[in-house]
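> Protein chains in written order, with the working numbering: chain Y, 39 to 269; chain A, 398 to 616.
Everything labelled a hint here was simulated from the structure, so no lab data went into it. Do not take every clue at face value.
Unchecked claim - Across the chosen pairs, the derived CB separations fall in these ranges:
hint : chain 1 : residue 1 : chain 2 : residue 2 : range
1    : A       : Arg524    : Y       : Thr263    : 30 to 40 Å
2    : A       : Arg445    : Y       : Gly82     : 22 to 32 Å
3    : A       : Glu456    : Y       : Gly124    : 27 to 37 Å
Unchecked claim - Output of the computed footprint for chain A on chain Y, the stretches with three or more beta carbons under 8 Å from beta carbons of chain A:
hint : segment
4    : 154-167
5    : 179-186
Unchecked claim - Example chain A residues on the side facing chain Y (calculated, C-beta under 10 Å, incomplete):
hint : residue
6    : Gly442
7    : Arg445
8    : Gly449
9    : Pro468
10   : Arg472
11   : Pro485
12   : Arg541
Ideal Cβ placement from N, Cα and C applies to all residues, glycine included.
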Amino acid sequence: MFEISPAEWTAILLSLRVAVIATLVATPFGIALAWLLARREFWGKSVVDALVHLPLVLPPVVTGYLLLLTFGRRGLVGAWLADNLGIVFAFRWTGAALACGVMSFPLLVRPIRLSIEAIDRRLEQASSTLGAAPWQVFATVTLPLALPGVLAGMVLGFAKAIGEFGATITFVSNIPGETQTISSAIYSLIQTPDGDTAAARLVLISIVIAMGALIASEWFARRATKRLHGN
Amino acid sequence: MLRVDVTKQLGEFSLEAKFESQGRVTGLFGASGAGKTSLISMIAGLLRPDRGVIALDGETLDDTSKGIHVPPHRRRIGYVFQDARLFPHLNVRQNLDYGRRMNGVAAEPAQFTRITDLLDIGHLLDRRPGKLSGGERQRVALGRALLSKPRLLLLDEPLGSLDESRKEEILPYLVRLRDEGIPMVYVSHDAAELRQLATQIVMLRRGRVTALGGVKVLT
């Protein structure tokens, strides 16, 4: 039961790689967007807010299909990227990372936004009266105080990314060694006769990873509160 | 010299203040809700006047008719808030060093020691703000503003959140500061406090300046 086969290892490592890359690339965008939503008023803000949350409520297969239309080989953005920069998403692990990044984005942004909103703006004012330019205020006050929220968002985004299935399989299919993550491996295994044991192993592994991420996220949230109280 | 001539509408409340101050310590006196904090927030650049001019030592900081608004970080005006507002993620030493680091100025250990001695906060340097008493926090806030080398120091009821014995603890430091010669605008609703510190008084009532002059206007 506990012998993990090479094919399963491939799926596990690919899932980890896809989720780590998706999270790392999405985080700077997530911070920028969270800051905009928390601190700025602009025209169309509610539309942007809704767009960020869209992957949470759309059927994943719809998100995957939209990604395929946009970033596929013949997609508007996909064709341009392939021709000019040599970046291909379709049926590659990078496409899986893109799908996971998009799907986990709302979960990444939310804790960051909440932690920025929780920061006393008067501290940022104090910072500016001491000579800090707006970017310095952000770098030395806002971001450090929001850091636990950023880490919590990253952990949550990572957990979502590693479990993503619908959008990924729609966009980049289910190719062992290239786009077959834990989820799609489980899907294949339970459709195969005698695949139950292997599927159960992968199920257990994904439960362990998800639990670990949730516990870590909870820990970061507690740190955040402590930090804001200056202890 | 500080010259202020501004109007600002804040909801129902309208502020219309005009005064010039030559004094080393300008006492801004008035009951709560008179507009004192709004007025010094405008001097600091945190709040923009609807109309008017603010100038310090001949430099225009705000002039709405010319579209001039110097942002707070370029004004070199220190601000000591009633609630200290120390950075909770930094220890006392890092809080004190903050202004110097933001302005990219080289460390001056002698000046640092002089200020920490003046305020008796040398023994607190490694503590986090959360572990300080109210009086200690206020002294660190004073030191932090001073070490950013302001050309004007704004103090918004720096004793307001402290009880009587703590006030007695801080007041001598403020007198020392005044005698250092840094120009200050000192906001208070406590006439006794201002009699001890101020060299000139601006009296504010319901958003209007009702009296200007020496400390005797307080009587």
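> Does Pro485(A) meet its interface restraint, that is, does its C-beta lie within less than 10 Å of any C-beta in chain Y?
holds, 3 Å
> Given the hint of 30 to 40 Å, is the C-beta distance from Arg524(A) to Thr263(Y) inside that range or not?
Distance hint for Arg524(A), Thr263(Y) is violated at roughly 20 Å.
> How does the Cβ-Cβ distance of Arg445(A) and Gly82(Y) compare with 22 to 32 Å: does it lie in that range?
With Cβ atoms ~25 Å apart, the hint holds.
> Should the interface hint for Gly442(A) be scored as holding, given a Cβ-Cβ cut-off of 10 Å against chain Y?
holds, 8 Å
> Can Arg472(A) be said to touch chain Y, with a Cβ gap under 10 Å?
holds, 8 Å
> The segment 154-167 of chain Y covered by chain A? Criterion: 3 or more residues, Cβ-Cβ distance below 8 Å.
Satisfied; 8 residues make the cut.
> When the nearest CB of chain Y is found for Pro468(A), is that gap smaller than 10 Å?
Since the shortest Cβ distance to chain Y is 7 Å, the answer is holds.
> Would the hint on Arg445(A) stand, with a C-beta cut-off of 10 Å toward chain Y?
Since chain Y brings no Cβ nearer than about 13 Å to Arg445(A), farther than 10 Å, the hint is violated.
> Grab the minimum C-beta distance from Gly449(A) to chain Y and call the hint holds if it beats 10 Å, violated otherwise.
Violated. Min distance 20 Å.
> Lying within 27 to 37 Å: is that true of the beta-carbon distance Glu456(A) to Gly124(Y)?
Since the Cβ atoms of Glu456(A) and Gly124(Y) sit about 54 Å apart, the hinted range of 27 to 37 Å is violated.
> Counting residues of the segment 179-186 of chain Y that have a beta-carbon nearer than 8 Å to any beta-carbon of chain A, does the count reach 3?
It holds, with 3 qualifying residues against the three required.
> With a cut-off of 10 Å, does the beta carbon of Arg541(A) approach a beta carbon of chain Y closely enough for the hint to hold?
Where the cut-off is 10 Å and the nearest Cβ of chain Y is about 7 Å from Arg541(A), the hint holds.
In summary, the numbered hints that this structure violates are 1, 3, 7 and 8.
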